[in-house]
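So the sequence lines, in the order shown, correspond to chains A and B. Residue numbering for the first sequence follows our numbering, beginning at 1 and increasing consecutively. Residue numbering for the second sequence follows our numbering, beginning at 1 and increasing consecutively.
Just to be clear, a hint being listed does not mean it is correct.
[Claimed, not checked] Partner residues aside, some chain B positions facing chain A, computed with beta carbon under 8 Å:
(1) P11
(2) D79
(3) I80
(4) A83
(5) Y214
(6) Y215
(7) G216
(8) L226
(9) E244
[Claimed, not checked] So these bits of chain B aren't anywhere near chain A, every CB distance computed over 10 Å:
(10) G13
(11) T19
(12) D24
(13) A73
(14) V82
(15) L218
(16) P220
(17) P225
(18) R357
[As the list claims (entries may be wrong)] Some chain A residues judged to face chain B by a derived CB distance under 10 Å, without partners named:
(19) P68
(20) A72
(21) R73
(22) R76
(23) A90
(24) E93
(25) T214
(26) Y215
(27) A216
(28) T217
(29) L218
(30) I219
(31) P220
(32) L226
(33) C243
(34) T246
Hints are computed from structural coordinates only; laboratory data are not their basis. Quick caveat, the model's predicted, so the values are computed rather than measured. Every residue, glycine too, gets a C-beta built ideally from N, C-alpha and C.
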Amino acid sequence: VSPVEFVDLEPDGTELSVTMLAGGTRVPITYTSSTPLSMERADSLLPVGLIAAMRTRAPLVLPRPASPALLARVPRIQDVLHAFSGGELARVEVEAEAADAVPAPAGRGRGSFFGGGVDAFSTLLKHEASVTHLVFLQGFDARDPSSPKGDAARATVRAVADAMGKQLVEIETNVRDVCRHFGTRTTAWGPALACCALLLQDQFEQILIGATDTYATLIPWGTHPLLDPLFGTEALQIVHDGCEATRVEKLRRIARSQVALDHLRVCPVQRGATNCGECEKCMRTMTTLRLLGALDRSGSFPRTVNAGALARVRLPTRHSELFARQNLRLAREVGDWPVYAALSWTLHTRSKVHGLLPPRLRRALGLASR
Amino acid sequence: VRPVEIADVRPDGSNLDATLVVDDERIPIRYRASVPLSVDRADAFLPVGLLAAMRTGATLVLPGPLSPRLLEAVATLQDIIVAFSDGELRAVPVDAEPATDVPTPAGRGIGAFFGGGVDAWYTALEHADELTHLVHCQGFDAFDPASARGSAALRNAEEAADGLGTGLVVIDTNVRAVCARFGTRSIAWGPGLATVALLLQSELERIAVAASDYYGSLVPWGTHPLLDPLWSTEAIEIDHDGCESRRSEKVVRLATCELALQHLRVCNLQTAEWNCGRCEKCLRTQATLRLAGALGRCPSFPDTLDVRALSRLPMTHDPNRTYTRENIRLAREVGDWPVLAALVWSLRPRPMLWARRRAGTVRRALNPRRSTRTGG
């Protein structure tokens, strides 16, 4: 098998383009940033290259030296990715020289990846005093940066950075798509974030990634407290932040900030510019805000959530089931019985009925947990 | 609430006695080791003291300075323990000073906790070339070290260390029982091991805690790759080792080593001196050994697997279901259809069992007596 390699590496200040040769195809990877990108070493090529190599079961060859700390962790990174992908990604050889020195100048900033969602807002509010920069990635939440969704996301992040007095780094890239192409559903997002983080080593000494899960409910996922820190170097610490809080606790923090309530963006539907207010993710967030008494102060969601509509929401993933259970517990605590009844029906009755169907049919109908 | 304190600390070379003061109760903690114990700082009292304080909601006051690295990790340790205990244990203030100096003398050894089970054997074999010591804790696998089970476990560890060419550190302690009392079912074992590891800082620079779970199927548990390394200090690294392999893969690895097959102990049953051969853990390990073609070479198990008993096992919960699925995958690979059928059948829905367990949950909720089950 031909090794996975990088050619046509063209760093140009705030822009970077490179071609990855993987599985007999040439895959262009591009970054356009609002700040200079760090390309003295090949650190930022490692996560995406590793995913491609592990998928194609080919050795990975890096075109430049890489951070010794990062290279030392490659076996463990591969162990985790192999396990998280259910064995789809295989362990491979990595050929790279260790860099002689990795400069880590003092006085660099502390960044936080920010797309406007619950996890990112919670991390930002928790570390509001120490975070110096927000890092916004075009091509992640909104697949097409030039779409209305992409424009709206950019406008939201700029407004939040402005309101909270933070500097903003914007990067437009296709690296998420490349990682998704070679990785699996559970192992694409984290390595793609790591690629971007490693391009900002000259700017930051630490960068925060908002956690999806709590310590108690961790599942194999591309951003994970066991995986994210492994992509760090001598110059940059990558921190998976927020595992101590449930989604309800994060929204409780958000509900205390009017800036956050006005700009919260959670909807994964690609065709709409704002939160659709109808999908499972919007509904679960609106439900929590209603239970916390903050929905009527929200500037980014419809002001009401209908219990009948809530009872019809499907819970197709383990995350959506988990968050529905958190809302169910909160509904019982605050005594919101219409919401409690709707969530009980969804979680306890309807899912049991669906459980009688064969697993393949359930998955085909989008009724089963993935 | 009165603070939780550690009083009457009496170090005596390889012995250590102390008293854990919780409310008005004074609980003795005892260690009897085969090597000198390190009590220059209060590091070793943190895990057990923290569990007691988090259970009672009291401040923890330590009797000496703490490693700065360990002190810095206390907040994250508590976040994880709170989450793993589902809120049963609460975050509390810890009153301790950072030590000004943590000596890290060169030439110390590399250890691995060793009870003789699948995980411990796998870690011992994978790191055989660098290990200098096996560390056997009496009072953990065998609750009563003076019992026939305790003696057999000690003899087994001695023979394993001899066969592997490493030294053996033996520590007889009641700290697991104290941790089990204040922790939860899922959080007791790990902090218990951490106290022992932190007492060996003058002997070891690194110690491996063998992983129970695979990276792909981690569950909240007292030994965990996120938790164990946080107990480390500047002087000792505590590694959670072996998450890269499934349990079935570990047994297949063991099947290549006659020494491991001769000395494999997996049974949890306290009345069993060796392996009972009938419990869930024994049967599933026998199944994997048979699939690896090694059952006949493992004298601690019957030569044949009772396939009917295997099929009757109530595999209703993780991680047992996970281990069963791993065995199913292996059975399919090697084409052992009777074992495959038995394993698949053991995963069938058990509505009556489920109903009985729900009834038990309700009964316990109405009569909240503390469970005595321990693990983690």
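Now the hints, each set against the structure:
With its C-beta approaching chain A no nearer than about 34 Å, P11/B sits outside the 8 Å limit, and its interface hint is violated. For D79/B, the interface hint holds, the least distance from its beta-carbon to any beta-carbon of chain A being 4 Å, beneath 8 Å. A cut of 8 Å between beta carbons decides the hint on I80/B: the least distance to chain A is about 5 Å, and the hint holds. The interface hint given for A83/B holds, since its Cβ lies 4 Å from the closest Cβ of chain A, which is under the 8 Å cut-off.
Because the beta carbon of Y214/B sits about 6 Å from the nearest beta carbon in chain A, less than 8 Å, this interface hint is met. The criterion of a C-beta within 8 Å of any C-beta in chain A is met by Y215/B, whose closest approach is roughly 3 Å, and the hint holds. With a least beta-carbon distance of about 4 Å to chain A, the hint placing G216/B at the interface is held under the 8 Å criterion. With its C-beta approaching chain A no nearer than about 6 Å, L226/B sits inside the 8 Å limit, and its interface hint holds.
Taken as an interface hint, E244/B checks out: its beta carbon lies about 4 Å from the nearest beta carbon of chain A, inside 8 Å. For G13/B, the non-interface assignment is confirmed: its Cβ lies about 38 Å from the closest Cβ of chain A, beyond the 10 Å cut-off. With a cut of 10 Å on Cβ distances, T19/B stays outside the contact zone with chain A, its closest approach being about 32 Å. The claim that D24/B is not at the interface with chain A holds, since no C-beta of that chain comes within 10 Å of its own (minimum 32 Å).
Listed as outside the interface, A73/B is consistent with that label: its C-beta sits roughly 13 Å from the nearest C-beta of chain A, beyond the 10 Å cut-off. Its closest Cβ contact with chain A, about 7 Å, brings V82/B to no more than 10 Å, contrary to its assignment away from the interface. With a least beta-carbon separation of about 6 Å from chain A, L218/B fails to lie farther than 10 Å from that chain, contradicting its non-interface assignment. In this structure P220/B is not separated from chain A by more than 10 Å, as the shortest Cβ-Cβ distance comes to only about 5 Å.
With a least beta-carbon separation of about 6 Å from chain A, P225/B fails to lie farther than 10 Å from that chain, contradicting its non-interface assignment. Every CB of chain A lies more than 10 Å from the CB of R357/B, the least distance being 17 Å, so the non-interface label holds. The closest approach between the C-beta of P68/A and any C-beta of chain B is roughly 18 Å, which is over the 10 Å cut-off, so the hint fails. Hint status for A72/A: violated, given a least beta-carbon distance of 14 Å to chain B, over 10 Å.
Using the Cβ-Cβ criterion of 10 Å, the hint placing R73/A at the interface with chain B is not satisfied: the shortest such distance is roughly 13 Å. Taken as an interface hint, R76/A checks out: its beta carbon lies about 8 Å from the nearest beta carbon of chain B, inside 10 Å. Interface restraint check for A90/A: the shortest CB-CB distance to chain B comes to about 13 Å, outside 10 Å, so the restraint is violated. Interface restraint check for E93/A: the shortest CB-CB distance to chain B comes to about 16 Å, outside 10 Å, so the restraint is violated.
Taking 10 Å as the C-beta contact cut-off toward chain B, the hint placing T214/A at the interface holds, the least distance being around 5 Å. At about 4 Å, the closest approach between the beta carbon of Y215/A and any beta carbon in chain B falls short of 10 Å, and the interface hint on this residue holds. Interface hint status for A216/A: upheld, as the beta-carbon distance to the closest one in chain B is roughly 4 Å, under 10 Å. Interface restraint check for T217/A: the shortest CB-CB distance to chain B comes to about 8 Å, inside 10 Å, so the restraint holds.
The interface hint given for L218/A holds, since its Cβ lies 6 Å from the closest Cβ of chain B, which is under the 10 Å cut-off. Nearest Cβ of chain B to the Cβ of I219/A: about 9 Å, under the 10 Å cut. The hint holds. For P220/A, the suggested interface contact is upheld, since its CB lies about 5 Å from the closest CB of chain B, less than 10 Å. This hint holds: L226/A has a C-beta 6 Å from the nearest C-beta of chain B, less than the 10 Å allowed.
The beta carbon of C243/A is positioned within 10 Å of a beta carbon in chain B (closest approach about 7 Å), and the interface hint is therefore held. Annotation: T246/A was flagged as interfacial toward chain B, and the flag holds, the nearest CB pair being 9 Å apart, inside 10 Å.
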